[in-house]
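The chain contents come next:
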Amino acid sequence: MMALDTVDVKRKVRVMMIDGGHRVRAHLNTLGIHIGDWLTVVERAPFRGPVLVEINGTRLALGRGIAAKIRVEMDGALQPLVQSQPEAETEQR
Amino acid sequence: MRFILAGQPNSGKSTIFNSIAGYRAATANFPGSSISFTFSRALILGREVEVVDLPGIYSLTSSTQDSGKAEGYLLEEPYDLIINVVDASRLGRSLELTMQLLELERPMIVALNMMDEAARGGIEVDHEELSRQIGVPVVLTVGRRGLGLKELFRRALQHAHQGEESFALTLDREVEEALEEVGAFLETTGIGNSVPRRFVAEKLLERDPHFEREIYDQHPELKKQVRGVAAVLQKAHGWSADQVISGSRHAVAHCIEEEAVTLERPQIGWREWADRVFLHPWTGGPVMVAILGLLFWVVFRVGQRLEMPLIELTDRLAAALAEKLPPETLLGTLAGGALTGIAGGVAIVLPYLLPFLIGLAILEDSGYLPRMAYILDNFMHRIGLHGKSVLPLILGYGCSVPAIMSARILPSLRDRRITAVLASFIPCSARTIVIFGLVAAYMGPWWALGIYLLNLLIVVVLGNVLARTMKGASPGLILEIPELQLPQMKTLAAKTWLTLKEFITIAWPLLVASSVVLGLLEWADAAATINAMLAPLTVVLLGLPVAVGMTLVFGILRKELTLVMLVQALGTTHLSAVMTEGQMLTFTLFVVFYVPCVATVAVMAKELGWRDTAVISAFSVLLAVVIGIAGRFGYALLS
Numbered sequence: 001m002m003a004l005d006t007v008d009v010k011r012k013v014r015v016m017m018i019d020g021g022h023r024v025r026a027h028l029n030t031l032g033i034h035i036g037d038w039l040t041v042v043e044r045a046p047f048r049g050p051v052l053v054e055i056n057g058t059r060l061a062l063g064r065g066i067a068a069k070i071r072v073e074m075d076g077a078l079q080p081l082v083q084s085q086p087e088a089e090t091e092q093r
Numbered sequence: 001m002r003f004i005l006a007g008q009p010n011s012g013k014s015t016i017f018n019s020i021a022g023y024r025a026a027t028a029n030f031p032g033s034s035i036s037f038t039f040s041r042a043l044i045l046g047r048e049v050e051v052v053d054l055p056g057i058y059s060l061t062s063s064t065q066d067s068g069k070a071e072g073y074l075l076e077e078p079y080d081l082i083i084n085v086v087d088a089s090r091l092g093r094s095l096e097l098t099m100q101l102l103e104l105e106r107p108m109i110v111a112l113n114m115m116d117e118a119a120r121g122g123i124e125v126d127h128e129e130l131s132r133q134i135g136v137p138v139v140l141t142v143g144r145r146g147l148g149l150k151e152l153f154r155r156a157l158q159h160a161h162q163g164e165e166s167f168a169l170t171l172d173r174e175v176e177e178a179l180e181e182v183g184a185f186l187e188t189t190g191i192g193n194s195v196p197r198r199f200v201a202e203k204l205l206e207r208d209p210h211f212e213r214e215i216y217d218q219h220p221e222l223k224k225q226v227r228g229v230a231a232v233l234q235k236a237h238g239w240s241a242d243q244v245i246s247g248s249r250h251a252v253a254h255c256i257e258e259e260a261v262t263l264e265r266p267q268i269g270w271r272e273w274a275d276r277v278f279l280h281p282w283t284g285g286p287v288m289v290a291i292l293g294l295l296f297w298v299v300f301r302v303g304q305r306l307e308m309p310l311i312e313l314t315d316r317l318a319a320a321l322a323e324k325l326p327p328e329t330l331l332g333t334l335a336g337g338a339l340t341g342i343a344g345g346v347a348i349v350l351p352y353l354l355p356f357l358i359g360l361a362i363l364e365d366s367g368y369l370p371r372m373a374y375i376l377d378n379f380m381h382r383i384g385l386h387g388k389s390v391l392p393l394i395l396g397y398g399c400s401v402p403a404i405m406s407a408r409i410l411p412s413l414r415d416r417r418i419t420a421v422l423a424s425f426i427p428c429s430a431r432t433i434v435i436f437g438l439v440a441a442y443m444g445p446w447w448a449l450g451i452y453l454l455n456l457l458i459v460v461v462l463g464n465v466l467a468r469t470m471k472g473a474s475p476g477l478i479l480e481i482p483e484l485q486l487p488q489m490k491t492l493a494a495k496t497w498l499t500l501k502e503f504i505t506i507a508w509p510l511l512v513a514s515s516v517v518l519g520l521l522e523w524a525d526a527a528a529t530i531n532a533m534l535a536p537l538t539v540v541l542l543g544l545p546v547a548v549g550m551t552l553v554f555g556i557l558r559k560e561l562t563l564v565m566l567v568q569a570l571g572t573t574h575l576s577a578v579m580t581e582g583q584m585l586t587f588t589l590f591v592v593f594y595v596p597c598v599a600t601v602a603v604m605a606k607e608l609g610w611r612d613t614a615v616i617s618a619f620s621v622l623l624a625v626v627i628g629i630a631g632r633f634g635y636a637l638l639s
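Residue numbers (the numbering used here), protein chains in the order written: chain A, 1 to 93; chain B, 1 to 639.
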């Protein structure tokens, strides 16, 4: 598993878990990023600028701070989703 | 009858609203550009209907203050029908809000908007199938071109008459069981007789802060019971209850999307190519600088072209008037003052204001602003903010009032406050007129550009200081980048006219009146007294002509007044004859930074409170004096 801000351009990755508080997660959910979704990294701004991702035809700019909280898996190396989920929970409540 | 337009940000609600109400709601291709509710009465098929344009909401979860307001409105206010505007090109995501709206159990219809954009993306939506899946009528529209809107409102009226309420779609079995359980608790306490019980139950399970406060304050015993149900849900899925519900909604929305949508190959058009250039790590920055530079250059050239002949004309008029009515008489003073005011508006303000407003409208409408937010995010982090603050700051170049109001799109209170303060320091179009009309016209465009860069530098330093002193960290950028659009003449014209109308109806009369008052004050020799009182500032500190004092007082009403008043106070439109270049520079710098105009102070007081507004205003005067003095001696040293 790796953080979204380290993924190379044009790579398609699957969201495995989202760190961070309820608000960030809710905001990402409503913009269409859920655990298990596939997204493509379209562009990475230089000097630790934001990451541009495409998900279901929508383009989102995510600040590096936010992108670092999104843990993803490269295509091919699929882990069963369930294993990572209790972890995602412990950080919260 | 009252209809509510509700939908996700940038789905085109305001465009649809404007098409029936005339241009009233500000639209921009930037998510969240409507920040307040707009009401309008419209005649639809001979019936008077009140239409409400709600600010865009991603979901009915009060994660930010503003969406909480829209949510409260949808739940509590009386209305006959919800028109849910859905962006067809983002159907899956939009349906999640649609599902939440269905849970409100009110009459509702769906406007499936932006069908043209969806078609470009290779998305074909079967609206009949969609309508069957969600149980409410679906009408296809293209708001920007006005297609399908007649049919939309016809169906809306018809549906509102029938009064058929929507019903919630079924989620996961476990979620439904949990909702039922919580619903039963609510029933025993009598909650949910006036509002849909299922909706409240869902909000409590999601731990929505607004609902938790409202309900647990009255019935503290419910808290334990609801949390118990949430814990069971969490145990079964391994996720917190809000994620389980949101995940389940996502799944259902996805299923509906799959049923209703056929995907084809998206067309790769100019939009895709333009974006590759605009957002590329190497070309993005330079292209942005080029675009802004072009805007600056066009405004200067067009303004200059228009200004020269107009000033000549008004000068001849003034000379003719002075012959008929000598300025020594009272009548001559009044007429001369009025003419200066009118002439100032025509010859000095409009030539620069018009191209500037059109340029800004193009930037807003095309969707370039969110791309600027993306490119500048990194830079904004240096000031302690993030990319989303770019919108209020850019709007600040138009007018400080909407700029400060638009700071509300920022999720954190800290960012909102810092951005609002910074936006008030950005030279608005009124201050731009002083910069262009005085510095650029007499000293050349490079000096004007220098003032903008100096201003930007000071804003950056100020932002840095504020970010360091105010507690809390910026949560980071999450921003949707909407598709690029070709700006449409109709929208551009309407948008420019909206701002221009404000200048003509509010600022211009003020300009004429102030001009007359200044003339009268001079006639009665009262201006000299006020000028003498201000002399320590204007003459001693800034080295300006003594007559300038009054103009600065008027400038608090509207900043462009300072320039027009200057013409009146010095008695000539050929300012270079009575002011040195150094004086023009000092004057302009002072005007750019000192107290924002009355309207800005009022809106700042509303957003930040009177105490902070007073501090900022006092600080701005101090800053203006320091920068004015620096300009005065800096110019003397350079030349």
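Since the hints were made in silico from the structure, they are not lab data.
Since we're looking at a predicted model, the values are computed, not measured.
You may find that some hints are simply not true.
[What the hints assert, rightly or not] Some chain A residues close to chain B (C-beta under 7 Å, calculated; not the full set):
#, residue
1, G32
2, T40
3, E54
4, L60
5, G65
6, A68
7, R71
[What the hints assert, rightly or not] Per the computed footprint, the stretches of chain B lying under chain A, defined by three or more beta-carbons under 8 Å from a beta-carbon of chain A, are:
#, stretch
8, 92-101
9, 274-283
10, 370-378
11, 604-617
[Claimed, not checked] Selected chain B positions facing chain A (Cβ under 8 Å, derived; list incomplete):
#, residue
12, I20
13, G22
14, S89
15, G121
16, H250
17, V252
18, H386
19, G476
20, E480
21, L484
Note that the Cβ used here is the ideal one computed from N, Cα and C, for glycine as well.
How the hints compare with the structure:
| no. | hint | result |
| --- | --- | --- |
| 1 | G32 | holds (4 Å) |
| 2 | T40 | violated (13 Å) |
| 3 | E54 | violated (9 Å) |
| 4 | L60 | holds (6 Å) |
| 5 | G65 | holds (4 Å) |
| 6 | A68 | violated (9 Å) |
| 7 | R71 | violated (15 Å) |
| 8 | 92-101 | holds (count 4) |
| 9 | 274-283 | holds (count 4) |
| 10 | 370-378 | holds (count 6) |
| 11 | 604-617 | violated (count 0) |
| 12 | I20 | violated (28 Å) |
| 13 | G22 | violated (31 Å) |
| 14 | S89 | holds (6 Å) |
| 15 | G121 | holds (5 Å) |
| 16 | H250 | holds (5 Å) |
| 17 | V252 | violated (12 Å) |
| 18 | H386 | holds (6 Å) |
| 19 | G476 | holds (4 Å) |
| 20 | E480 | holds (6 Å) |
| 21 | L484 | violated (11 Å) |
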